[in-house]
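Asks: Numbering-wise (UniProt numbering), the sequence shown opens with residue 1 and increments by one.
There may be inaccurate statements among the hints.
What the hints assert, rightly or not - In the DSS-like style, the derived pairs of lysine-lysine whose C-alpha atoms are separated by at most 30 Å in a straight line are:
1) K58 with K147
2) K187 with K147
3) K58 with K111
To be verified - Per label pair, the in silico range of CB-to-CB distance:
4) G88 with N123: 19 to 25 Å
5) K111 with A224: 46 to 52 Å
6) D117 with A228: 40 to 46 Å
7) N207 with S54: 44 to 50 Å
Hints in this document: simulated from the structure, not taken from any laboratory. Even glycine gets a Cβ: it sits at the ideal position worked out from N, Cα and C.
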Amino acid sequence: MILTRKTKTAWTIGLSLAFAATLVGMGMVVSRSRMDVSHSAFSIGTGSVTLSGSTVEKRVTQSFTVGPGHTLALTVPLGKVTVLPSTGSQVQVDADLSVARAAGQSVSNLKSQMGLDFGSGVNTGNVSLRYPNGRLRAATVQMYVPKGTDLRIDNSLGQIEVDGGTFPSLTLHDNMGSINVNANVTKSLMLHSNMGAISFTGSLAVNSTAVNNMGSIAIHDTAAQAIAYRLSTNLGQASVDIPSSNIAENGNSLSGSAPGSGSPVNLSCTNNMGSIHLQGE
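Assemble the whole structure, with the sequences as input and the hints as a guide.
Replies: What follows is the structure, encoded as structure tokens:
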């Protein structure tokens, strides 16, 4: 465990090599731009998910309104999700769906079972992708979200990107894949990945949390906020590149206070295996 206020290139390289070796042992090959999973059924790239063999594809688009105080929720079993700001008051979802097709299966029958559904619960607006039962599936989703929408995304395998926008609350969970956010969050921010890099750039929420089991965490505060932070990693480096006071090291954690505008926001970053880096403007 290394605690420092400045990144150390030598350690970063060492972790990358160890990380790659671990993944190779699990049957995976990793590079900076692509991740390939050795499996006869599918391959994964950072930009898309492709099913090998015979597949059926369908593009679906739907727009809808999320009620005030509701959280927009999307669950994706396999694929890439990109969130962009909407110019209107409605949410728009564009999804390219793909399912594996066995010999003799009707293309039209499979397509009739593929689609996009929206349902409104007590406090949520749920977006779900519809597929034929029992078929291997993938999707590439673009979601256009109005300013001020609470958003939650759960992805089992694939990348999540949020490129722009302002959210009262933003919750992103990725079981295996990277999370990249460039946005402003005001009340609550939760980023969680079991295996993949987490990157956040923008204005932090009053309560901001990033948790990673295996992969780096990088937080870039672009709003020069006052931050009360606690960074903890079991195997890796915690580093801070902004002026700080009340710095304390306790076991595997590094905590402190960074001066800035407004009341301090609370930032907690926890990593089991990987670096944590906090920087400001």
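Asks: Hint by hint, note whether the structure agrees.
Replies: Here's how the hints hold up against the structure:
no.: 1; hint: K58 with K147; in the structure: holds (29 Å)
no.: 2; hint: K187 with K147; in the structure: holds (14 Å)
no.: 3; hint: K58 with K111; in the structure: holds (7 Å)
no.: 4; hint: G88 with N123: 19 to 25 Å; in the structure: holds (23 Å)
no.: 5; hint: K111 with A224: 46 to 52 Å; in the structure: holds (51 Å)
no.: 6; hint: D117 with A228: 40 to 46 Å; in the structure: holds (42 Å)
no.: 7; hint: N207 with S54: 44 to 50 Å; in the structure: holds (47 Å)
When each numbered hint is compared with the structure, no violation occurs for any of them.
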